[in-house]
Amino acid sequence: MTKGIILWLNTLISTVYLTGHLFDFFVVMSNWRDGSVESLTNYRTFFINADPGHFFRIAVPASVLMSVISFFAYLKSDKRIKILLSIHLVLTLGAFLFTMFYFLPINNYLFWSKDITLESFKTLNLVNNWVFGEHLRVLSGIVALFVAARALHLSYNKLT
Numbered sequence: 002m003t004k005g006i007i008l009w010l011n012t013l014i015s016t017v018y019l020t021g022h023l024f025d026f027f028v029v030m031s032n033w034r035d036g037s038v039e040s041l042t043n044y045r046t047f048f049i050n051a052d053p054g055h056f057f058r059i060a061v062p063a064s065v066l067m068s069v070i071s072f073f074a075y076l077k078s079d080k081r082i083k084i085l086l087s088i089h090l091v092l093t094l095g096a097f098l099f100t101m102f103y104f105l106p107i108n109n110y111l112f113w114s115k116d117i118t119l120e121s122f123k124t125l126n127l128v129n130n131w132v133f134g135e136h137l138r139v140l141s142g143i144v145a146l147f148v149a150a151r152a153l154h155l156s157y158n159k160l161t
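Oh and the sequence shown: position 58 is 59 in the numbering used here, straight run, nothing missing.
Read the hints as simulated data drawn from the structure, not as lab findings.
These figures come from a predicted structure and were not determined experimentally.
Heads up, the beta-carbon is just placed ideally off N, CA and C, and yes, glycines get one too.
There is no bait here: all hints are sound.
So the derived label-pair ranges between C-beta atoms look like this:
#1 Ser78 to Phe122: 46 to 54 Å
#2 Ile84 to Thr46: 44 to 52 Å
#3 Phe47 to Gly5: 37 to 45 Å
#4 Asn43 to Ile107: 15 to 23 Å
Using the sequences and the hints, build the whole thing.
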């Protein structure tokens, strides 16, 4: 029973993580995806007290932690479930590392550092890189959610 709850939580947190990125992709990013200094300045002005990063500072570590817990909880389980949870773990750790080393430096320039005066060419280039990377993160999130849901489904098949 407890192991089933772990897989449910893993799938739920994967859903929350993907939903956050989809919201970012379709709603937030559309405000500055043109890459103009003006749109980024407006974005920075709007998000003075909080920004979408606050959500992801909770969602990303939670998804990695649940993925690790799920992986180890089912380490001695059915081979297909182990494979799916291994894939999920690689995807969530990969997304975490991708965020840390690819997105955070870009975020620092585009969104966080108020000391920086945005340069048109550099801003456009970084926005294009950010948008491309977000496509990869959303795709990874979709696959991770599918894999988590499939592992959950297979765990119920093992009960019958």
